[in-house]
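Asks: Top line first, the protein sequences correspond to chains A and B. No gaps in the numbering here: position 30 of the first sequence is 30 in this note's numbering, and each next residue is one more. Counting the second sequence from 1 gives a position; this note's numbering is that position plus 490.
None of these hints come from the bench; they were simulated from the model. Incorrect hints may have been included.
Below, a list of computed lysine-lysine pairs in the DSS-like style, where the Cα atoms sit at most 27 angstroms apart [to be verified]:
id, chain 1, residue 1, chain 2, residue 2
1, A, K406, A, K489
2, A, K270, B, K775
3, A, K113, A, K167
4, B, K520, B, K679
5, B, K882, B, K753
6, A, K109, A, K167
7, A, K270, A, K489
8, A, K270, A, K441
9, B, K643, B, K775
10, B, K775, A, K113
11, A, K109, A, K28
12, B, K775, B, K912
13, B, K912, A, K109
14, A, K167, B, K775
15, A, K28, B, K912
16, B, K679, B, K753
17, B, K679, A, K167
18, B, K643, B, K520
This is what each chain is made of:
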Amino acid sequence: MIPILSTLIFLPLLGAIIIFCLPPRLEKSIRFLSLLVTGVVLAVSVCLVMHFDPAVGGASNSMQFVEYHPWLHNLHIWYFLGVDGLSLPLVFLTALLGFLACLSSYEIKERVKEYFIFYLLLMTGMIGTFLALDLVLFYIFWEIVLIPMYFLIGIWGGPRREYAAVKFFLYTLAGSVLMLLGILTAYFLSTPHTFNMLQLGLSGFDLRWQIILFLAFFLAFAVKVPVFPFHTWLPDAHVEAPTPVSVLLAGVLLKMGGYGLLRVCFPIFKAAAFVLAPVLAMLGVVNIVYGAWVAFAQTDFKKMVAYSSVSHMGFVLLGAASLTVTGFNGALLGMFNHGIITGGMFLLVGVLYTRAHTRELNRFGGLTNSMPFYAFCLTFLSLASLGLPGLSGFVGEFLSLVGAFKPYPWLVVAAGIGLVMTVGYFLSMIGRVLLGALNPKCVPYVDMNTRELVTIVPLMAIVLIVGFYPQSVLNFQQEAMQGLAHLFKL
Amino acid sequence: MTIQFLFPELLLVFFAVAVLFGSVSNFFKKFTPVVAALGLLGALLLLPAASQSSTAVFFHLLEADTISAFFRTLILIGSALIVFLSMGEPQIQEQDRGEFYFFILTLAISMMIAVSSRNLLMIYIALETVSIISYILVGYLKQDAFSSEAGLKYFLFGALSTGIMLYGISLLYGLFGTLDLPTMAAAVKQEHIYFPIFILSMVFVLAGLAFKCSLVPFHMAAPDAYQGAPTPISAFLSIGPKAMGFALLLRVFLGTPTPLIAKWSALAQWLAIITMTLGNIIALKQTNVKRLLAYSSIAHAGFMLMALAAVNASGIKALLFYLFIYVFMNVGAFGCVVLTQRQEVAQYAGLSRQYPFAAFVMSISLLSLAGLPPLAGFMAKFVVIAAAIQAKLYLLAIIAVLNSVIALFYYLRIIKAMYLSKTEIGGQLNSTVPHSRALILALTLTLLVNILLGLWPQGLMPWLSLSP
């Protein structure tokens, strides 16, 4: 029996080590090797999805493919991996975007060897975060993500890359060190002392401690999601990061925050979740409206998509805060969809940037004629992102809103304002970039080439499939979400 | 036979004398560093056998327990690394080499005696020997005004603080009629000791040890000394006397009985908070790498003190682990300064392309110092913070983790220069020094420890645990 989860985590690490040993001039082999590794990771994750049994569920023992070995047993730290309906979509998302973004990394021309080392390390950290079930292991993977991300933004980013990289690193670290305290405090408060996430869910802490610990963890996750007012690192990081890194940043890293909320905060600190859920819902709505509002004002294409992420993650937060099955389903599906759609959007921004070397929305106009494929992709993903029924974005947001309607009707109404604004800024963007006469400031660019199409078409296919047949994803997550919601039944 | 306990020290004395006499001849002079390294290695091999004796040896002046065994090992390993570092330092190679390595060996001997002492007089004597040798080593570059100034400053501050300590010891002798620590501890429990004077004299003793650990407010000489001293000596000061200082804090303060423990914990907690915060905040503004590392080592002293403030078994184990890792992190960082001969942060611009190995070792050491997983520095921080939380010192723990964020900021400045900066500062890499291969070896060793002990700390330290 091959430990499939460990394979997923450590294959990229192995690739990174092999590339580390290669001489830097073998750029072609390095690119090919990274593509191969991420491709195999994707294949393994598909295998994982095929062999995953969606019917296995229940309150606490829904983990599959469990790997449970003592690691530092005097410190009670276990090498404990497992996958359930909560982590499966996100693992698949990571593997898919990891592969596609690797394909799109062909635009990276300088310091190729170092780039792919950091890239593959990042993959290891991201997949590990979604699979770890021991809090210390989780924390370690969580932090491993920071270092390669820092370098990826800082070396291959735009003009203000150093500032953006440091800001990203310090923000996320400041959030996560409190999580470390939370982990240790939870360990010493639980009987018997344990770092095991599933066992911690069973040991009841008193309410005061639950709230303190919930907040300690929440801060770490809030910075990653990002929840207003901790979002200010995101636009900087997105704008400066190279395209493939933006894809992973928006597609996967933001999900780590939402995942942590659903994996750690809610099940382990149930009582605190009850008390704090209205606050989370309010923060979610602030995210939705504020993100959309600010996105409206952007003239930088990437910054606009970045703020639209803030807005979309607000739906995730709102859905999760509803503490209902529908809301949880909406939150998780919303994260999956957002990863696919926004990942695609960043790829498209990158396509334009490689041609025009600018992202100023006002510099474009009337690109439809010269780039029909591009126009189609951009329109398609924009419509998906603004929540057109029939495309995937709609399903997640709809479920979130339905779930949240019963506990917080007025907040859902307020979120509706955000939805309208989302339609507004996406349509205005399409108008500015694609429609009208050709802008005299820009030349007719060449349409997307095969490699660019290959990176974007799978994402669009998934958008369409999930949009028409949401059960394709919901089936997998249903049991886990029901288990989670079961904890909050009075 | 209690003499067996001192075999490693005696071997080192033999080698030290050999180094001193060998340096007279121009032919043998070349081999002095190798001889010194061999001596340290031999002593390391003798150590396990030497530790198997009764608890109190040498007329009850020395203690043969696990703490002394651990710290003697640590000092030997640290000294060996410093010898390797010195072999790559051209400033030292140009000077008269023999006496330099003689001083390193004698410093190692006196520190080893200090960490095994259980009598305050013995502690004082060993401490003074360490001090005097460190003054000489800091000012070793006689032609360099900076080095001499650093030596003088270090001497003035050091003399003051050991003077205070001696006064404290004399008061303690007046109170107890003995300087044997276990006897004193028993006396505090049974007899009526005039408490205010006892506390006062213990604070005086703390002053002397705080200077060695570079705890605030006795840290002031450290940055000047580290910056002015030859780089391997800066590295030595940041690991050797500091480890010794903590070993003695452990013996003197945690060996004493309960009435003092509560007060000690409160005092240590605030000292730790002030030390780590001040060290980190001042480090933010530094442009000289050695000075930056000096302030970072002050901040780390605060972290280590946190483990002692916890006053529990986890804390003591955490302190030992932290010190062990700290030796390798700091030697790695200082070693890269030796290798590149660059002292200003700005000079590190573009190092990752000029000398990837140096940049890589430096980054790993710095990230480990910052406490990022999966490096060893993270595990060290993890167990120390765990000990503090176990002792319910929540405020201290919160301030400590916030400090580690501040610390990351200035460590990142160096990494940023090495990897992110596009400008390159031309500079000759130090590859002409004949023994720099030893330096590379030491750096590789620190690299391995920083990575492997982060992933598998129990491989070397099976006793590391979180149990009460």
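Asks: Compare the structure with each hint and give your call.
Replies: A quick look at each hint next to the structure:
no.: 1; hint: K406/A / K489/A; verdict: 14 angstroms, holds
no.: 2; hint: K270/A / K775/B; verdict: 44 angstroms, violated
no.: 3; hint: K113/A / K167/A; verdict: 25 angstroms, holds
no.: 4; hint: K520/B / K679/B; verdict: 56 angstroms, violated
no.: 5; hint: K882/B / K753/B; verdict: 15 angstroms, holds
no.: 6; hint: K109/A / K167/A; verdict: 25 angstroms, holds
no.: 7; hint: K270/A / K489/A; verdict: 11 angstroms, holds
no.: 8; hint: K270/A / K441/A; verdict: 56 angstroms, violated
no.: 9; hint: K643/B / K775/B; verdict: 22 angstroms, holds
no.: 10; hint: K775/B / K113/A; verdict: 33 angstroms, violated
no.: 11; hint: K109/A / K28/A; verdict: 11 angstroms, holds
no.: 12; hint: K775/B / K912/B; verdict: 22 angstroms, holds
no.: 13; hint: K912/B / K109/A; verdict: 15 angstroms, holds
no.: 14; hint: K167/A / K775/B; verdict: 18 angstroms, holds
no.: 15; hint: K28/A / K912/B; verdict: 24 angstroms, holds
no.: 16; hint: K679/B / K753/B; verdict: 15 angstroms, holds
no.: 17; hint: K679/B / K167/A; verdict: 54 angstroms, violated
no.: 18; hint: K643/B / K520/B; verdict: 32 angstroms, violated
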